[in-house]
Amino acid sequence: MRIFSAQAWWAAVGRLVPAAVAWSTMGLLWAAEPPLSSETEECVFCHEMVTPGLVADWRASRHSRVTPSAALGQAAAERRVSAEEVPAPMSDVVVGCYECHGQNADAHPDSFDHEGYRIHVIVTPKDCQTCHPVEVEQYSRSKHAHAWGNIRLNPLYHQMMRTVGNPEEPVEAAPHLAATPDTEVCYDCHGTKVEVQGMRTRELLDGSEIEVPKLLRWPNHGVGRVNPDGSLGACTACHPRHSFAIEIARKPRTCAQCHLAPDTPAWEVYRESKHGNIALSMGEEWNWGAVPWVPGRDFKAPTCATCHASALADTDGTVLVERTHDFGSRLWVRLFGLPYAHPQPKTGATDGIRNAEGQPLPTTFAGEPASEYLLTAEEQKIRRDEITKVCVLCHNTDYAQSFLERLEAEIERTNEMTRRATALLQRIWKAGGADPANPFDELAEMKWVENWLFYATSIRYARAMGGPDHAGFKNGWWALHRNLLELEKLARESEAQAPK
Amino acid sequence: MRIFSAQAWWAAVGRLVPAAVAWSTMGLLWAAEPPLSSETEECVFCHEMVTPGLVADWRASRHSRVTPSAALGQAAAERRVSAEEVPAPMSDVVVGCYECHGQNADAHPDSFDHEGYRIHVIVTPKDCQTCHPVEVEQYSRSKHAHAWGNIRLNPLYHQMMRTVGNPEEPVEAAPHLAATPDTEVCYDCHGTKVEVQGMRTRELLDGSEIEVPKLLRWPNHGVGRVNPDGSLGACTACHPRHSFAIEIARKPRTCAQCHLAPDTPAWEVYRESKHGNIALSMGEEWNWGAVPWVPGRDFKAPTCATCHASALADTDGTVLVERTHDFGSRLWVRLFGLPYAHPQPKTGATDGIRNAEGQPLPTTFAGEPASEYLLTAEEQKIRRDEITKVCVLCHNTDYAQSFLERLEAEIERTNEMTRRATALLQRIWKAGGADPANPFDELAEMKWVENWLFYATSIRYARAMGGPDHAGFKNGWWALHRNLLELEKLARESEAQAPK
Amino acid sequence: MRIFSAQAWWAAVGRLVPAAVAWSTMGLLWAAEPPLSSETEECVFCHEMVTPGLVADWRASRHSRVTPSAALGQAAAERRVSAEEVPAPMSDVVVGCYECHGQNADAHPDSFDHEGYRIHVIVTPKDCQTCHPVEVEQYSRSKHAHAWGNIRLNPLYHQMMRTVGNPEEPVEAAPHLAATPDTEVCYDCHGTKVEVQGMRTRELLDGSEIEVPKLLRWPNHGVGRVNPDGSLGACTACHPRHSFAIEIARKPRTCAQCHLAPDTPAWEVYRESKHGNIALSMGEEWNWGAVPWVPGRDFKAPTCATCHASALADTDGTVLVERTHDFGSRLWVRLFGLPYAHPQPKTGATDGIRNAEGQPLPTTFAGEPASEYLLTAEEQKIRRDEITKVCVLCHNTDYAQSFLERLEAEIERTNEMTRRATALLQRIWKAGGADPANPFDELAEMKWVENWLFYATSIRYARAMGGPDHAGFKNGWWALHRNLLELEKLARESEAQAPK
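These protein sequences, in sequence, are chains C, Z and W.
Here the first sequence is numbered in the numbering used here, starting from 1 and rising by one per residue.
Here the second sequence is numbered in the numbering used here, starting from 1 and rising by one per residue.
Here the third sequence is numbered in the numbering used here, starting from 1 and rising by one per residue.
So here's chain C without its partners, still in its complex pose (with noise of 0.2 angstroms):
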């Protein structure tokens, strides 16, 4: 049998004593017979059988034992719901599948009739917010809300994705190869427009038939899904079904699943940082459930979460930094480059952002920034403070000053690069090597855009979360020179073979 060290049975005493002295308050808020409204049980007294899994998973979560007036009965830090009350019955009883998937019955195109209920398929911020109203109207400020209109409805970058991949609309050369409205690859993160088209038969494994609504661009998840109600957003992004779990949330691999090299690269930095290699090491020992959340006692170096979302406190529980589900709030400049580093915008949806060139685009191609739709200097300084203050919970302000000029340094630098880019394209256009009139179509074109989405974006994220690799080998300098030697090579070439 094998023998543990010290800090094992440290570890094993940490986390049995003081949880027995939470026991009494604890025994107050899960009920040990949660009480399910009838609507509910009869939901699972069937999905037990045809879909377990779920059942099971949501069995197991906090929503499946606490009712919203336990949950109101929560000290004010403490509390996972922000809705200063919540209409009975459904305070009463905990929250079930109808208590979901039964709300707003009538504001949702895809309700539906199944086994005398009326209920809808896609639950979205708007029933949400009957218990998480303040996270709801938070998050409708910020660009995840938008996600979907700040690609779709911004013409350059809709030309952009009609070009390259995965079109949602013929494209001319391929018209058969128009895609199916529900195979449009960027909408995965951003989100799609869910459209409901009346109802359709589906046949299930027993050869049984069952009728549904007919859901266009479905399944989807995407931080700025378009709900068939008119809201927009899926919750189930950060907390996925059917935990919702805050654990899931804080954890980066949520927000690893779309924040991702080549072009944001946040969590392939974030392992490679010092913060990340602390958490990935030692994160199986922390508490990730602890709200509010207290730094050196619950977790040890921060994740996505800590600096751009959750409520922190010290350990007497007062809390230091205040929670937001506006994951920009606390940035000051925007790393992925339009094409260039910029003052974030003002609002969530971008979509109106027009250059003083008349481009959709937060910066002209020479680097001018869009100023009428990014913050002030004034409102740079009150968001680049509010992220100072998580730094300053575990370094000093001299450290944390010093770390946040470097990147800022960084970011002229790699500015200056994306200015010497256009130029290299510049002269191709001119010596007619490319045609700007589609500015993504051509080879010279791509490695253009490569050079400022992924390589300056790249390494200005190494420089602000401190995974160095990323603005050096990994798709950063090295691969930022080497680009624009290849430009500058395509340049020579289309020089070459110019008409005289």
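FYI, nobody ran anything at the bench for these hints, they're computed from the structure.
Treat each hint with caution, since some may be false.
Where chains are identical, the list cannot tell them apart; a pair therefore holds if satisfied intra-copy or between any two copies.
Claimed, not checked - The calculated EDC-like cross-link candidates involving lysine to aspartate or glutamate, where the alpha carbons are at most 16 angstroms apart (straight line), are:
#  : residue 1 : residue 2
1  : K274      : E247
2  : K381      : D206
3  : K389      : E203
4  : K489      : D441
5  : K214      : E405
6  : K430      : E493
7  : K389      : D206
8  : K126      : D106
9  : K389      : E48
10 : K389      : D314
11 : K381      : E405
12 : K214      : D113
Starting from the known structure of chain C, fit chains Z and W onto it as the hints suggest.
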């Protein structure tokens, strides 16, 4: 001392209380003083000193604690041995060194005399099948079992390996580089053909010497290893020594030893999918060893094993999906393009497939499937239904079907891209820009291979498992499109230089 | 409530029972009321408010609980301090803020007055060696300790950094881009030279101000950091603050902060190896803190630390492999091509190496090693035997030797590829397609570097640690071969354009 949350307390209680209930039966199964054979006792006596890590690993394993007859006494669905009976005296001792390394001595060309015993180094499926015959039989039908021959005996794939790297036979241009029989890289995953070349003397670190069989192309644990006893496969590919733990095989990193980007990006797609996020975030709380495996209770999101191999049951223990060790048997379509995606082959051994043009490929260069060797539509439906059974454990049928239909649409679209890439290569061949005699040894040819082997495959995997970035910027539509433009540039250059 | 398997129960019992046995000795070591120095008490009093996360992290550390004299009372093999004695008064208080940040104040140019104490920000190996002198001495001999000078003082490597990216001095073509002293990317891993430039005033978030030393090129935790006190290294590179946990250093993600693809793909290869699979799948059940570390009992598969650093013992506590903090001291060959793989250098400081042609490289362009500076065959054998000692803890000698011999064959074959790539570059230089004056600033030159720095290295790492994909499709033979074809195309183009 740190304070833990309610969840931590419930988790701790959840771990201990039910286990206590299960205590009495466990006492019967895991003997306090497990009976070792006298041979194994002798092995252990020395090897505890010479390879202490190996012995300690085995001591912590199920094999070291449970006798086959105790294992056979388990309820059918919970049994980990599939034999009807295990012959004495093996049935009444635990599975120790000698039970595996001393079994079937005469069948093993690598048997040798060692400290008074005739043992063999390489334990094979023929040994394992004494207790696990159903698994061995299923496995023998899989592409895994035939992974060596599927590349070594296919003249086209063999030519690719010879050309591109790490050739096992002299490359014409560099005969001095003939690989030793041990250095073929593809075979690390596919398995080598291990052969015995008499005995050799090895010097130990203390200066003494030992006589052991000289094994060519060893060590190797590839899935299709051709063993000295003629059997196919290495159970240790997924059940690594000397714990052979089912927990490891069920965790996704086991498959991630081989199923990796850019050619088979199963792991990369999985870890960025919602399933992967949940499993990698919360898996430390799951029960990875339960047989059968209950979705929602033992685990909350599937891993590779869940969908492709494991026996899955409801909480009453009723098995809903049967276990298989023929890992393709729940698959109807092969996403891996050769060069086009196509129906799964009928048999695990694919080296005999010939397309309509006589090439050893499951499709022609124009995309026509070699239907004679591939599943019929009826056979495809049976397999598609089988994997859908797994989906509907947690998702409704409409959700699952819409998901699969989207994959099927993407297969069509990516296959069309392979048609375009092939047409470009044929232009280059026609213009003399490359020589089709060896379709793998020129730049245009390698780019053509990347189009279908890397990018089209990647997009399909991303759709099949819901990790969208591998259909987008990570070896997805972006890379596929750029690759087509690069091929087109090579075609234009070739045509400009072609003799008029 | 979920039911847990037999394994879970045994695991739980295994964790608690032996720990209880160890309880009495632990009580003596980890004091219930750990004695803090009065200085540290004052530090904590304020910093619990201003940097609460930092203090809480330290409180959970071993440093906060154990006094040096208690640590010295441990049995020799279990001791974590290597000093023979620790002077009073430090020996009888736990290792708190002031014990590190107040030590050797006069030796630290960054010492400053802060709330009545003279403290320094940057704790260095010279401070750590009060308790850990053996580790500091070993480390000082390693390439790690000299990582700054090894690139900064080597004129060729320095030229590469200046050319490719993030230059620390003005690049001729873009003097306005001269990096600030804080933005050199290579130094994030290699370490910066931190210098003190007087004092500066920093505004805190509450509007108040603080006077602190102005530190150039800080923050930085690179392994070869040149500290203001002249010492080399940052222990925090691997033992991050403020837990300094051995558990973190032993987990592979610590090394993965720097040893990353494409140039040193140790992490990527490891995580795809069988060792990595086992460690990353089962590590949550292992004892990461035991000293010494017992393979098979405390852990089942090696991590980076196991093979390259840790003291390893059998279950009786007999140390079989000695601990080292000179991380190259178990390595006989350097896989990292410069440009060819070669015997490890004799000393950690490599900037003085000159090859037969006078270049600061360990091999010539033709592959001849600079033998005067490199290990002799005898010295190589000693080191090769040392790491083989680790292999044979779990594998038999024939297995280990065959594995290493296969690596050695692959080194030969990849070195031959570097010869081919170099010959192609020399054709390009000869034809005027690139200018050898700066061997890093043209496309052909960057591709040549990628051949040996990325692809040949990757193949060798894959062979050394058993993660085959990095020898195949992931920066392996496929990429190496394609790269040669691209270089050949550039050579042909250069020759076609060369003046006759």
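Now the hints, each set against the structure:
For the homomeric pair K274 and E247, the shortest alpha-carbon distance between copies (14 angstroms) is at most 16 angstroms, but the shortest distance inside one copy (21 angstroms) is not. Taking CA atoms no more than 16 angstroms apart as the test, K381 paired with D206 passes between copies only; the shortest distance there is 13 angstroms, against 61 angstroms inside one copy. In this assembly of identical chains, the alpha carbons of K389 and E203 lie at most 16 angstroms apart only when taken from different copies (13 angstroms versus 55 angstroms within one copy). When the C-alpha separation of K489 and D441 is checked against a cutoff of 16 angstroms, the pair qualifies only between copies, where the shortest distance is 13 angstroms, while the shortest distance within a copy is 18 angstroms.
For a Cα distance limit of 16 angstroms, the shortest separation of K214 from E405 across copies, 13 angstroms, qualifies, whereas the shortest one inside one copy, 52 angstroms, does not. Within a single copy, K430 and E493 get their C-alpha atoms as close as 12 angstroms, which meets the 16 angstroms cut-off; across copies the closest is 21 angstroms, which misses it. For the identical chains of this complex, K389 and D206 are inter-copy neighbours only, at 10 angstroms across copies versus 57 angstroms inside a copy, given an alpha-carbon limit of 16 angstroms. For a Cα distance limit of 16 angstroms, the shortest separation of K126 from D106 inside one copy, 12 angstroms, qualifies, whereas the shortest one across copies, 63 angstroms, does not.
In this homomeric assembly, K389 and E48 come within 16 angstroms of each other (Cα to Cα) only across copies, at 15 angstroms, whereas the closest approach inside a single copy is 47 angstroms. Within a single copy, K389 and D314 get their C-alpha atoms as close as 13 angstroms, which meets the 16 angstroms cut-off; across copies the closest is 48 angstroms, which misses it. Proximity of K381 and E405 under a CA criterion of 16 angstroms is satisfied intra-copy only: 13 angstroms inside one chain copy versus 49 angstroms between copies. Taking the closest pair of Cα atoms, K214 and D113 come within 16 angstroms of each other only inside a single copy of the chain (14 angstroms); across copies the shortest separation is 70 angstroms, beyond that limit.
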